[in-house]
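*Asks:* Here is what each chain is made of, one letter per residue.
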Amino acid sequence: MTTSDASNASNAAGTDAACATLPAPRGGAPLAPALLAAALALPGVSAPVAAQAPPERAQLDVRWLHYQDSQPGLKRIRVDTPSIGLRVPVAGRWTFEGVTSYDSVSGASPRWHSSVSSASRMSDERTAGDLRVTRHWDRATLSVGGAYSSENDYVSRALSLRGSVSSADNNRTWSFGLGRADDRIDPVNRIVVDERRKTTDVLLGVTQVLTPVDIVQLNVTHARGSGYYSDPYKTIDSRPRERVQTAVLLRWNHHFQGPGATMRLGWRTYADSWDVRSNTLTGEWVQPVAGGWTLTPSLRYYTQSAASFFYAPVYDPTLGAPFPEGYLTDLGAPRSPDARLAAFGAAAIGFRVAKAIDRSNLVDFKAEYYEQRGEWRLGGPGTAGLAPLRATILQVGLTHLF
Amino acid sequence: MLRPFGFGFDAMASRCEVRLAAPDEARARAWAQAAIDEVRRIEAKYSRYREDSVVAAINRAAGAAPVTVDAETQALLGYADALWRESGGRFDATSGVLRRAWDFRLGIVPDEAALDALRPLIGWQDVMRDGASLRLPRPGMELDFGGFGKEYAADRAAEALRTAGARHGFVDLGGDIRAIGPQPDGAPWSIAIQDPRDAAGTVAAFELSDGAVCTSGDYERFFERDGVRHCHVLDPRSGRSVRHWRSVTVVAPVAVAAGGYTTIAMLLEADAPALLDRTGLPWLAIGPDGALQASPGQR
Chain L
86 MTTSDASNAS NAAGTDAACA TLPAPRGGAP LAPALLAAAL ALPGVSAPVA AQAPPERAQL
146 DVRWLHYQDS QPGLKRIRVD TPSIGLRVPV AGRWTFEGVT SYDSVSGASP RWHSSVSSAS
206 RMSDERTAGD LRVTRHWDRA TLSVGGAYSS ENDYVSRALS LRGSVSSADN NRTWSFGLGR
266 ADDRIDPVNR IVVDERRKTT DVLLGVTQVL TPVDIVQLNV THARGSGYYS DPYKTIDSRP
326 RERVQTAVLL RWNHHFQGPG ATMRLGWRTY ADSWDVRSNT LTGEWVQPVA GGWTLTPSLR
386 YYTQSAASFF YAPVYDPTLG APFPEGYLTD LGAPRSPDAR LAAFGAAAIG FRVAKAIDRS
446 NLVDFKAEYY EQRGEWRLGG PGTAGLAPLR ATILQVGLTH LF
Chain P
334 MLRPFGFGFD AMASRCEVRL AAPDEARARA WAQAAIDEVR RIEAKYSRYR EDSVVAAINR
394 AAGAAPVTVD AETQALLGYA DALWRESGGR FDATSGVLRR AWDFRLGIVP DEAALDALRP
454 LIGWQDVMRD GASLRLPRPG MELDFGGFGK EYAADRAAEA LRTAGARHGF VDLGGDIRAI
514 GPQPDGAPWS IAIQDPRDAA GTVAAFELSD GAVCTSGDYE RFFERDGVRH CHVLDPRSGR
574 SVRHWRSVTV VAPVAVAAGG YTTIAMLLEA DAPALLDRTG LPWLAIGPDG ALQASPGQR
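Going down the list, the protein sequences come from chains L and P.
Using the numbering used here, read the first sequence as starting at 86 and increasing by one per residue.
Using the numbering used here, read the second sequence as starting at 334 and increasing by one per residue.
Chain P with its partners taken away, still in its complex shape:
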C-alpha cells in the first residue's frame, strides 16, 4: 500500500535527502516538497552568505544600533545561549569570525598574530540581547548559526513532513537526520555512521524510528598540513582546530539537541565522554586512534 520514495536536494552546503513512504508518487512529492521548502526558508533566513538574511543584517549592524529580531530568531538566540552555557563557553555563536584567518580551500594555517587580531571579536557573553532587541557590541563581530541552524532545519522539515501527512520517513541534511516514524512495516530505519577515514565505509549503525541522529567529524571540511589535520571545528579560546575526535554521533529526540551535543563533544575533546554520559543520550565517538567509544547502552 505504501511505497518508498527518496528526494535528494542540495541545501546548506550539504547533500540532503527526504526519504518517506507514501501511497503514490504525487503525494510523496507534495509531502517532500513541504519539507524541502522549510529547509530553504531557514537557509534563506539564516545563511551568513546571503546579503538579505537575518544573520547578515545582524552582522552588518555590529558595533552600531541594535537590530530588532522576530520570535523565531529570538528563540534560536536563546538556544545559542543554552549551547554556550552547556559547553562552558566552548560553543560560541560568535566564533565564526575565525574563518577570516582560516582558509580550508587553500589549506593555510593562520599564524598567532592573525588569530590574536580576531580574538577580541569573539564573546557570546558580550552580545546584548533584550527581548526582540539584539546588538553585537563591537564592529566586526559576527553571529553564525552553524552548529544548530542545519539541525533546527532538520527538525522543522520533519515537522513539515508530518503536518503534510507523512507518517514514515526521515529528513537527512548532510548527515543530520531526523525521523518522523518507522518504515511502513514498523521496522526502524537503520542509520549508518560513516567511517571518518573512508568515505565509502561505515563503522556502526543506529536504529531509528523517531527522533534524531547527528554526527560531527573532523572529515567534513579539513586539510592536512605537515602531517596535522586541521578541521573546521574551531576552539574559540585558541582559535585553532579541535584535535581529539575523528567523529562524534549522538542520538536524541530532536536533531537540534543531538547536533548541539556532537559539536560540544568535538570542542570538549578528551573531556567529552563525561558530559555525554551525563546527558543519558546514546552516543558513539571515534577517537584519535580510530577506536570506538560509546555510551553505556551501546557498548
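The following block holds chain L by itself, in its conformation from the complex:
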C-alpha cells in the first residue's frame, strides 16, 4: 500500500478542511430588527463582510496530526504528520502561503479483506509541500498554487488555479477552480514501472448570504482522471484506467444570537464512473464560551455503495484467498478487494477545543473517533463479512499571528 493511500484514508476519516473556509455568519447582526433589514435594502448600504479582504497579518501554523486505525485484533495504519504553514500578506494585495508536511506511516498493510494471515508490516515516509500565491482585488481573488509530494514509490505534482468574484453588496460570491495533477507510481515490487495517473478537476461554487445570520454554499466539483489506479501491493487488484467523479456539496451556516453559537450543516453527494455513490452528512456546533475558549462538537455520517468491480470476501473455492469466486473464468476483468471500495456506512464523532491566548496566539486540539461498518450503509445492503474499521484522529495546533 502506498502512503498516499494511507493519507487518503486519514482524509476520508478526518476533518473536512474545506468546512472552515465558509465564512461564519456575521455575528452581532440579529435577524430580528426590522430596521436592519430595511437599511440593508438601501442602495450602497451593506453590512460589514470581510469576505475578500486579504489577511492583514502574517500567520504561522504549527500542527501535529496523529491517525491510528484498527480492525478487531489488529492495529493497522498509523500516520503521524507534523506540518508547518506560513501565510504572508504583501502590500495589502497579495498573499503568499506555503505548507510543508512530513508523514511517517507505519503499521500493517491492509488485509485482503479482514483475514489476519496476510497482514504484513510496512512503513513509509512522505514529504509534501504546497505553495500558493493569491492576488486580492476589492471583490475578486485569483490564486495559483502548486503542490508536490514524494515518497519512495509515489510522486505527485499538482497545479491549480482558483478564483472568486463577489457581488457589489458582497452578499454573493462565485468561486471557480481548475486543477491538474500528475502522479507517478513506481512500486518497490516493480509489478509496474513508471506508471502515471493524470487528473483534471474543475470546481464551480456560489456562496450566498441569505440573512445576516445565514450563509449557504453550493459547490460542484467534477474530476476526470486516467492512468494507473490499482494498488500495486495487492495480488488481485486491477482497476479501470479511467475515473470520472462528480460531487455536489451544500452547506448552511446559521448563527444563533442567543447563545452566540454557529451551527454548520453540510451535505455532500458523490458519484463516479466506478459506480461508487456516496452521501455525507455533517453537523458542527461552534460555541464560544468565556475566556477565549471555543468548543466545537461535531458529528458525521457517511454511506457509500460499492464499486462495480469490488469483490466481497468470498473466495474461490479452489484457489482460496485472496482470489475471488470465479476468478479464473474472467481473468481480464477489473477487480479490487480494497475495503474503501466496498459498500459501507461510517460515523464519526469529534470534539475541538480552541483557546485564544491573546490577540496573537491560538491553540487548538481536536479529537475524532471514526468507525465504519458494512451494515451501517443506508439505501442498500452493505458488504457482508467486512471487519469494522475504527480510527482515532488527534490533532494539536498552534497559530501565531505576527
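Hints were generated in silico from the structure; no laboratory data involved.
Just to be clear, a hint being listed does not mean it is correct.
[Said to hold, decoys possible] Cβ-to-Cβ under 7 Å is the rule here; a few derived chain P residues that face chain L:
1. Tyr-412
2. Glu-419
3. Asp-488
4. Arg-489
5. Glu-492
6. Val-589
7. Ala-590
[Claimed, not checked] From the derived model, a few chain L residues whose C-beta atoms are all more than 12 Å from chain P:
8. Arg-275
9. Lys-283
10. Leu-384
11. Val-448
In this text the structure is predicted, and so the values were computed from the model without any measurement.
Using N, Cα and C, we set each Cβ at its ideal position, and we do this for glycine too.
Mind docking chain P on chain L? Use the hints.
*Replies:* Relative to the frame of chain L, chain P by itself:
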C-alpha cells in the same frame, strides 16, 4: 507600513471626520476625498435648506401634482416608512414642519395654538407613494430626511472609502460613526460616548472594527426655559420635545439602522429599553437622572 491620517470637514450642519490608515498621504487624501465627495453629494441632494435639492422640490409640490423621484430617493422613502412602522408612528418624516413653531436659536417655546395649526400637516400615513411617484397631499406639508439622511451618508461614505481602497478607518459625521475595518494592527477603534452634560467628558466607550455606532441626545440642539430642557427631537403627536433620555447610543452593522434606533428610542422615552432589547443590538442610554442603562451584553 500603514500610517494613520485624519481629515476633518464640515457637512450636514456637523463637524465631520474621516479617519483612515494608508501607505502614504497622497492615497490617504484621495481615499478620504472619495468619502467626503459622497457626503457632499447626499447633502446637496437631500438638504431641505437647498433650493435645488430633491427634498426642496418635493416640498414645493406639496398639495399639487405628484413629483417623480429616482431610485435612491424611493429607497430612502421606503426606509422612512420602515422607521414609521418600527416606531409605531413616532418617527414621522413629515414632522419637520414643527420647526416652524420652534426656534431653538431664540429659545421660544411655542404655544398650543401654534402647534395645533401645524399638526394637520404631519402624517406620514397620508403621503402618497406609488413607485417613482410621490405626493405630499396637503399644501404646507414637508418631508425631512433628518434622522436617517446623515446616517445614510455615513454608510455610503464608508462604502466609498472601501471602494477607493481603504481597509482601515471610519467615517464620523457629527457622532454618527461607520467603520470599515479595524486599526492596522487589528485592534478595534475605541469610540467614546460623549457625556451629555459635559461637552469635554465621556461616559463610556465601544470597541468598533466594522459596523456603526450612532448617538442621539438632548444636548445637540436645545435650550432651557424655566428650568425645562427643550431638545430638537420632537414628538409628532404633541409637537413637543421629548423628555426622558439625555442620550441613546446604538451599535448596529450599518449606521442607518443604528441611527434609526437611537432616534426611535428618544421618541419612545421610557418605553425605549423594551424595543432596544428586542432588537438584540448593543445599546447604552443615559437616563433623566444621569444613570446608565444598557443592553444585557453591555451591563
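*Asks:* Of the hints stated earlier, which fail here?
*Replies:* none
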